[in-house]
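Visitor: Each chain is listed here by its residues.
Protein chains: 2
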Amino acid sequence: MARAATTSDAFNALAERRRRDILSYLAMRERSVTEIVDAMEMEQPSVSKHLKVLKGVGLVEVRREGRQMLYKVNAMAIRPLHEWTSTFERLWKHQLLGIKERAEANNARKQ
Amino acid sequence: MARAATTSDAFNALAERRRRDILSYLAMRERSVTEIVDAMEMEQPSVSKHLKVLKGVGLVEVRREGRQMLYKVNAMAIRPLHEWTSTFERLWKHQLLGIKERAEANNARKQ
DNA sequence: TTGACATATTTCTATATGGGAATATATTGA
DNA sequence: TCAATATATTCCCATATAGAAATATGTCAA
Numbered sequence: 001m002a003r004a005a006t007t008s009d010a011f012n013a014l015a016e017r018r019r020r021d022i023l024s025y026l027a028m029r030e031r032s033v034t035e036i037v038d039a040m041e042m043e044q045p046s047v048s049k050h051l052k053v054l055k056g057v058g059l060v061e062v063r064r065e066g067r068q069m070l071y072k073v074n075a076m077a078i079r080p081l082h083e084w085t086s087t088f089e090r091l092w093k094h095q096l097l098g099i100k101e102r103a104e105a106n107n108a109r110k111q
Numbered sequence: 001m002a003r004a005a006t007t008s009d010a011f012n013a014l015a016e017r018r019r020r021d022i023l024s025y026l027a028m029r030e031r032s033v034t035e036i037v038d039a040m041e042m043e044q045p046s047v048s049k050h051l052k053v054l055k056g057v058g059l060v061e062v063r064r065e066g067r068q069m070l071y072k073v074n075a076m077a078i079r080p081l082h083e084w085t086s087t088f089e090r091l092w093k094h095q096l097l098g099i100k101e102r103a104e105a106n107n108a109r110k111q
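Residue numbers (the working numbering), protein chains in the order written: chain W, 1 to 111; chain C, 1 to 111.
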């Protein structure tokens with residue numbers, strides 16, 4: 001078997017940096033494909049293909065306005081990622097606390 | 001160009017479901033490869049390869065104990081994902097609020 | 001040293017990609 | 001109807017998988 005399809009879920013779709021960049025750009029507001037192309041400095045066909053993947057997993061929504069296609073983020077689709085990572089939050093906070101404590105113990109020794 | 005390597009960053013490494021499962025399992029505590037194999041119901045070589053990818057991006061750490069290799073999560077490496085998704089939190093909360101308001105307006109109309 | 005156990009690596013293969021280039025489709029205004 | 005604008009699709013190709021199978025490496029205990 002090969003890697004899971006980019007369109008299989010949000011995790012796979014967002015593995016690609018360019019698609020995360022596009023989503024971040026869309027976070028401000030709805031944008032046309034041309035606006036995305038200009039902002040991202042990518043070829044238009046590439047942008048269209050990335051948008052297709054994002055749409056495939058429900059990360060963006062589209063509506064037509066004349067000849068333009070206006071894309072916007074569907075933030076709800078990002079929640080599964082946020083929630084999965086949140087289950088580890090306790091762990092890294094614990095890690096950070098350990099680092100802080102060791103640093104303070106070090107400082108005390110140096111005084 | 002093809003897809004970015006699974007080892008290029010945490011986003012790519014975690015796109016694979018099996019690797020997320022392994023990390024979730026390790027969230028409880030340090031585990032040997034055999035324990036992971038038994039829990040995940042995967043072939044041992046597959047587990048070793050997934051662990052190699054996870055280690056490659058710093059998502060796990062290993063230490064040897066006799067003939068066993070004990071793997072544990074490095075939760076810090078998950079933070080970039082958490083933080084990236086957090087930038088959209090405001091948006092989905094806004095979405096949820098909208099859904100709630102529409103539901104309430106609907107209820108009021110039906111009374 | 002040898003055998004058993006634990007883990008890692010190699011080889012193979014089908015498959016899906018991302019980008020580039022070219023082209024197709026859709027919509028508008030004249 | 002036609003040209004211009006906006007977007008999508010197709011074709012090509014180098015590349016990196018994940019899993020299966022076989023094998024290699026490392027460590028201990030007797």
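Since the hints were made in silico from the structure, they are not lab data. There may be inaccurate statements among the hints.
[Said to hold, decoys possible] In silico negatives: residues of chain W with every beta carbon more than 10 Å from chain C:
#, residue
1, R3
2, N12
3, E16
4, R20
5, S32
6, A39
7, Q44
8, S48
9, R64
10, M69
11, I78
12, R79
13, E89
14, L91
15, N106
[As the list claims (entries may be wrong)] Just the calculated beta-carbon pair ranges, DEER-fashion:
#, chain 1, residue 1, chain 2, residue 2, range
16, W, R18, C, E101, 33 to 41 Å
17, W, R29, C, K52, 17 to 25 Å
18, C, N107, W, G98, 23 to 31 Å
19, W, R18, C, E83, 12 to 20 Å
20, W, M28, C, A4, 39 to 47 Å
21, C, R29, W, T34, 33 to 41 Å
22, W, S8, C, E41, 42 to 50 Å
23, C, K100, W, R102, 43 to 51 Å
Ideal placement from N, C-alpha and C gives every residue a C-beta, glycine not left out.
Visitor: Failing hints, ascending?
Guide: 1, 2, 3, 4, 11, 12, 13, 14, 17, 18, 20, 21 and 22
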